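J.: Listed here are the chains, written in short residue letters.
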Amino acid sequence: QQKVQQSPESLIVPEGGMASLNCTSSDRNVDYFWWYRQHSGKSPKMLMSIFSNGEKEEGRFTVHLNKASLHTSLHIRDSQPSDSALYLCAASKASNTNKVVFGTGTRLQVLP
Amino acid sequence: GPKVLQIPSHQIIDMGQMVTLNCDPVSNHLYFYWYKQILGQQMEFLVNFYNGKVMEKSKLFKDQFSVERPDGSYFTLKIQPTALEDSAVYFCASSQGQGGSYEQYFGPGTRLTVL
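If you read the sequences in order, they're chains A and B. Everything in the first sequence is counted per our numbering, starting at 302 for the first residue and increasing by one. Everything in the second sequence is counted per our numbering, starting at 6 for the first residue and increasing by one.
So that you can see chain A by itself, here it is in the shape it has in the complex (with noise of 0.2 Å):
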């Protein structure tokens, strides 16, 4: 069964301060990852999406994708309390299925 595995669990980090979340996949036939974040009592909002290697940036957040290793990392740097929230990562495939697969999550919390 695929898994989707985030570390690390919870994160606090200072405003102003960098914040690295990581998500790897145990499916070898992945090839879509997204990243969504969840303020608390809210539905999850998409963020970012990676689908080759390297890298993206948007604003101040940065996306990483290695998918020899099916290892994404997350990094969001002068993080501010807005930030704070539960941020999931998932997997999806590049077939007829639109199944996604998501992650156990990491909680950050930005302290002011």
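Since the hints were made in silico from the structure, they are not lab data. The structure presented is a predicted model; accordingly, all values stated were derived computationally and were not measured. All C-beta atoms in this analysis are idealised placements derived from N, C-alpha and C, irrespective of residue type, glycine included. Any given hint could be a false lead.
[Claimed, not checked] Just the calculated beta-carbon pair ranges, DEER-fashion:
| # | chain 1 | residue 1 | chain 2 | residue 2 | range |
| --- | --- | --- | --- | --- | --- |
| 1 | A | Q303 | B | E108 | 14 to 22 Å |
| 2 | B | P86 | A | S311 | 32 to 40 Å |
| 3 | A | K343 | B | P75 | 24 to 32 Å |
[Unchecked claim] Straight-line Cα separation of at most 25 Å, SDA-like style, residue types lysine to any residue; simulated pairs:
| # | chain 1 | residue 1 | chain 2 | residue 2 |
| --- | --- | --- | --- | --- |
| 4 | A | K304 | B | V52 |
| 5 | B | K83 | A | S344 |
| 6 | A | K400 | B | M20 |
| 7 | A | K357 | B | S106 |
| 8 | A | K400 | B | Q69 |
| 9 | A | K400 | B | K83 |
| 10 | A | K400 | B | I43 |
| 11 | B | K62 | A | Q303 |
| 12 | B | K8 | B | L89 |
| 13 | A | K346 | B | H15 |
| 14 | A | K400 | B | T25 |
| 15 | A | K394 | B | P86 |
Dock chain B against the given chain A, drawing on the hints supplied.
T.: Positioned in the frame of chain A, the structure of chain B alone reads:
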């Protein structure tokens, strides 16, 4: 951005009763999903649905669960009968296309409490 609506936001029922959770997906989306999340933790896939049919379901999608979208109205998740372990937040999602590269948009969730 595109919005998925869910009704109700919170439902409390007694164990053994039937419950129907309603989802109004993004208007031009064709693929629909239900997920289950317990205690703000892992989001777990239940089922996906296209063109009136279940495409794939997980082990969490028990025989007591069913989904349908009659005549393009709400996409519904029905649980009959409910069990205590069904207490969770249920999220509906929709996407425009087929294949894992299409973003899924999530609704605000329905918190189901089974007593």
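J.: All the hints need checking, so say for each whether the structure fits it.
T.: Taking the hints in turn, this is what the structure says about them:
Hint check: Q303/A to E108/B, Cβ distance near 19 Å, so the stated range 14 to 22 Å holds. Restraint check, P86/B to S311/A: a C-beta distance of roughly 36 Å satisfies the suggested window 32 to 40 Å. The hint said 24 to 32 Å for the Cβ distance between K343/A and P75/B, and at roughly 29 Å that hint holds. Simply put, K304/A and V52/B have alpha-carbon atoms about 17 Å apart, close enough for the 25 Å limit, and the pair holds.
Simply put, K83/B and S344/A have alpha-carbon atoms about 21 Å apart, close enough for the 25 Å limit, and the pair holds. A hinted pair counts as satisfied when its Cα atoms are at most 25 Å apart, and K400/A with M20/B does not qualify at roughly 30 Å. Note on K357/A and S106/B: the hinted pairing holds, with a Cα-Cα distance of about 16 Å set against a maximum of 25 Å. Annotation: proposed proximity of K400/A to Q69/B holds, straight-line Cα distance about 21 Å (limit 25 Å).
Annotation: proposed proximity of K400/A to K83/B holds, straight-line Cα distance about 20 Å (limit 25 Å). For the hint pairing K400/A with I43/B, the CA-to-CA distance comes to about 19 Å; that is within 25 Å, so the pair holds. For the hint pairing K62/B with Q303/A, the CA-to-CA distance comes to about 14 Å; that is within 25 Å, so the pair holds. A hinted pair counts as satisfied when its Cα atoms are at most 25 Å apart, and K8/B with L89/B does not qualify at roughly 30 Å.
Between the alpha carbons of K346/A and H15/B the distance comes to roughly 20 Å, so the proposed pair stays at or under 25 Å and holds. With a C-alpha separation of about 23 Å, the suggested pair K400/A and T25/B falls inside the 25 Å cut-off, and the hint holds. This hinted pair does not check out: K394/A and P86/B have alpha carbons roughly 34 Å apart, beyond 25 Å.
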